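Visitor: Numbering (the numbering used here), first residue to last: 14 to 262.
Quick caveat, the hints were computed from the structure, so don't treat them as lab data. You may find that some hints are simply not true.
As the list claims (entries may be wrong) - List of simulated lysine-lysine pairs, DSS-like, C-alpha gap at most 30 Å:
(1) K146 with K225
(2) K146 with K58
(3) K146 with K126
(4) K127 with K30
(5) K58 with K30
To be verified - Now the in silico label distances, taken between C-beta atoms and shown as ranges:
(6) G31 with F132: 42 to 50 Å
(7) K225 with F65: 16 to 24 Å
(8) Y34 with T63: 34 to 42 Å
(9) K126 with I89: 20 to 28 Å
(10) M105 with M144: 36 to 44 Å
(11) V97 with I197: 23 to 31 Å
(12) P94 with M218: 42 to 50 Å
(13) F69 with L98: 16 to 24 Å
(14) G198 with A222: 35 to 43 Å
(15) F69 with A215: 23 to 31 Å
Fair warning: this is a prediction, and the values are worked out from it, not measured in the lab. For each residue, glycine too, the CB sits at the ideal point set by N, CA and C.
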Amino acid sequence: MDAAKEITNVNEAHIAKGFAYGLRTGTPIAVGYIPSAVACGILCKTAGLTAFESIFMSLIVFAGASQFVALNLLIIGSSMPEIVLATAVLNMRHIMMSSSIARRLVPGIGALKKSWICFELTDESFSIASMQKEPLLAPEFMFGLNIVGHCTWVIGTALGFYGTSVLPQNVQDSMGIALYALFIGLLLPSVRESRPAMIVAATGMALSALIKWTPCFADMNRGIAIMTATGLAALVGAVVFPLGKTEAR
14 MDAAKEITNV
24 NEAHIAKGFA
34 YGLRTGTPIA
44 VGYIPSAVAC
54 GILCKTAGLT
64 AFESIFMSLI
74 VFAGASQFVA
84 LNLLIIGSSM
94 PEIVLATAVL
104 NMRHIMMSSS
114 IARRLVPGIG
124 ALKKSWICFE
134 LTDESFSIAS
144 MQKEPLLAPE
154 FMFGLNIVGH
164 CTWVIGTALG
174 FYGTSVLPQN
184 VQDSMGIALY
194 ALFIGLLLPS
204 VRESRPAMIV
214 AATGMALSAL
224 IKWTPCFADM
234 NRGIAIMTAT
244 GLAALVGAVV
254 FPLGKTEAR
């Protein structure tokens, strides 16, 4: 059976679809990205990157927190292998997120489309995609959801790089926390509506705090700590709230 027939045989009511719908759904994320993207541009200039390097980094890396980590390591004089290792470990969570989204895509999507969708996936777009009520996700929806945030991040980086001298220092400093505030804002509606989501989120926070404040884990790489807390929280959710039972709720 070819790809077209596979997709046709899927119940249309079970698919979150539409490029325009993806754009609309992703717009709040894009708006929330603006302060952090501007902060990224400011930090790029502080680290000594050129305008081209700054914009190109946001275009091909597009990794939010790990870009900030890489830039801070660059500023303090870390070696390239250290920067690559730190950002790779921090981004390991994307393996789990990409795998989760890939299995919800409609049947018959080629490897290239899947790869591009997973490349542009962020914590926030993953959160939005995961909260879609339809069991399956159309590639057009994911393209729309991802591209609006990606473009905003690149444009915001450029604005931050060129507009450094315009913003007061206290405003520049405050922009670094915008990504965290955005993710909390995306998480809260799901937590309010879903008991499993609330328990999994609380488990993840508790494990993250435990790892951070337990002396024997004090030297653990932050990326590994995030991966560990996320993986264990997801495991708890999978065991306590199996997929069939969760959907029944």
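Visitor: Next step is simple, just say for each hint if it's right about the structure.
Guide: Hint check results:
Among the hinted pairs, K146 with K225 is inconsistent with the structure: their alpha-carbon atoms are about 34 Å apart, more than 30 Å. The straight-line distance between the Cα atoms of K146 and K58 is roughly 42 Å, outside the 30 Å bound, and the hint therefore fails. Our distance criterion of 30 Å between C-alpha atoms is met by K146 and K126, whose separation comes to about 22 Å. Restraint check: the Cα-Cα separation between K127 and K30 comes to about 15 Å, which is no more than 30 Å; the hinted pair holds.
For the hint pairing K58 with K30, the CA-to-CA distance comes to about 39 Å; that exceeds 30 Å, so the pair is violated. The beta-carbon spacing between G31 and F132, approximately 21 Å, falls outside the hinted interval of 42 to 50 Å. A hinted range of 16 to 24 Å for the beta carbons of K225 and F65 is inconsistent with their spacing of about 37 Å. Distance hint check: the CB atoms of Y34 and T63 are about 38 Å apart, consistent with the given range 34 to 42 Å.
Between K126 and I89 the beta carbon distance is about 39 Å. The supplied range of 20 to 28 Å is therefore violated. Separation of M105 from M144 is about 23 Å and departs from the stated range, judged on CB atoms against 36 to 44 Å. Against the hinted window of 23 to 31 Å, the Cβ-Cβ separation of V97 and I197 comes to about 29 Å, which satisfies the hint. A C-beta distance of roughly 32 Å is found between P94 and M218, which places it outside the suggested range of 42 to 50 Å.
For F69 paired with L98, a C-beta distance near 21 Å keeps the hint of 16 to 24 Å intact. Between G198 and A222 the CB atoms are about 20 Å apart, so this pair departs from the stated range of 35 to 43 Å. The hinted window of 23 to 31 Å between F69 and A215 is violated, with their beta carbons roughly 39 Å apart.
Checked against the numbered hints above, the structure breaks hints 1, 2, 5, 6, 7, 9, 10, 12, 14 and 15 and satisfies the rest.
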